[in-house]
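Chemist: Since chain A is already given, all that's left is putting chain B on it; use the hints.
Residues per chain, in single letters:
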Amino acid sequence: MRRRGQSLVETTLILAAFMGLILGMVGVGQMLFVRQALAERAQDAARWGAVNSYNAPAIRNLVLYGTATPSDGAIAFGGLEPSEVVVGNPGCPGVDCRVSVAIPGHGIQSTEPVEGF
Amino acid sequence: MIVRTSRTGSALIEFAAALILLSGMFTGIFQVGYTFFTYTTLVNAVRAGARYASLQAGNSNVAEPQFSKSVVNMVVYGEPRPAVDAKPVVRGLVPGNVELFLGPTSATVSVRGFEIDAIFTKVALAGRPTVTFPFTGGGAK
Numbered sequence: 001m002r003r004r005g006q007s008l009v010e011t012t013l014i015l016a017a018f019m020g021l022i023l024g025m026v027g028v029g030q031m032l033f034v035r036q037a038l039a040e041r042a043q044d045a046a047r048w049g050a051v052n053s054y055n056a057p058a059i060r061n062l063v064l065y066g067t068a069t070p071s072d073g074a075i076a077f078g079g080l081e082p083s084e085v086v087v088g089n090p091g092c093p094g095v096d097c098r099v100s101v102a103i104p105g106h107g108i109q110s111t112e113p114v115e116g117f
Numbered sequence: 001m002i003v004r005t006s007r008t009g010s011a012l013i014e015f016a017a018a019l020i021l022l023s024g025m026f027t028g029i030f031q032v033g034y035t036f037f038t039y040t041t042l043v044n045a046v047r048a049g050a051r052y053a054s055l056q057a058g059n060s061n062v063a064e065p066q067f068s069k070s071v072v073n074m075v076v077y078g079e080p081r082p083a084v085d086a087k088p089v090v091r092g093l094v095p096g097n098v099e100l101f102l103g104p105t106s107a108t109v110s111v112r113g114f115e116i117d118a119i120f121t122k123v124a125l126a127g128r129p130t131v132t133f134p135f136t137g138g139g140a141k
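Residue numbers (this note's numbering), protein chains in the order written: chain A, 1 to 117; chain B, 1 to 141.
Because the hints were derived from the structure by calculation, they are not lab data. Do not take every clue at face value.
Stated by the list, open to error - Beyond 12 Å from chain B on every Cβ pair, some chain A residues (computed):
#: 1; residue: Leu23
#: 2; residue: Met25
#: 3; residue: Gln30
#: 4; residue: Leu32
#: 5; residue: Gln36
#: 6; residue: Ala42
#: 7; residue: Gln43
#: 8; residue: Trp48
#: 9; residue: Ala50
#: 10; residue: Tyr54
#: 11; residue: Ala68
#: 12; residue: Thr69
#: 13; residue: Asp72
#: 14; residue: Ala76
#: 15; residue: Gly78
#: 16; residue: Glu84
To be verified - A short, non-exhaustive set of chain B residues, derived as facing chain A with CB atoms under 8 Å:
#: 17; residue: Arg47
#: 18; residue: Tyr52
#: 19; residue: Leu55
#: 20; residue: Gln56
#: 21; residue: Met74
#: 22; residue: Gly78
#: 23; residue: Glu79
#: 24; residue: Pro80
Unchecked claim - Every beta carbon over 10 Å from chain A, so not counted as near; a handful from chain B, in silico:
#: 25; residue: Ala86
#: 26; residue: Arg112
#: 27; residue: Glu115
#: 28; residue: Lys122
#: 29; residue: Gly127
#: 30; residue: Pro134
#: 31; residue: Phe135
None of these values were measured; they are calculated from a predicted model. Each residue gets a CB set at the ideal place from its N, CA and C atoms; glycine is no exception.
So that you can see chain A by itself, here it is in the shape it has in the complex:
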């Protein structure tokens, strides 16, 4: 029985399977990280919007750049486009006034009630 080269073949097989597994784990981890970071940004932006006077572009900037007043040429987080961030203040003015920040492409929805109505 010929055995020369068998270990090479086995190594290749195992390496292919394990590489797929490891790369898959890295991919899922990366996806979860971006999702979590975006959810946190949406929540922070909604909170900011509820505390300060309503300013949709500033809220959108908080999600995209992490600041309400980004410098020129600032790079958006995760290559997010401004049109991907949906900002609104449904129920305002009124008792049910709230600030809503959504990133539909990532399945993120955050709502913060506005106090003082």
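Modeler: Same frame as chain A, but now just chain B:
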């Protein structure tokens, strides 16, 4: 005396043993990770609902059925008046799983009868997460 020299089956047996161990390990890692992730999401959702209830309780509309509906929607969909096609924050979570209790000075929101579906197993949550927030009187005052 019989001496067995055949080695052709040993690789298969080793592979089977390793597969059982490894698949068990990966399944366990997935279950714990997914359950923890989902539980954290639930805690955040329940907290958002309780906070909404504690702020809105200052308004006169507490007794209205829409109030408790809004609180429950806040937990399940992250929005008091969700779109018709809104997805729950956690797969399988329905408004019936959320319980709202309004005390004289506080609001308590709990998830009841919900099981985290981690594909290979289901994790039952015994009345958790539960969050109680005092009324902040942030409503019409």
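Chemist: What are the numbers of the hints the structure violates, in ascending order?
Modeler: 2, 4, 5, 6, 7, 9, 17 and 25
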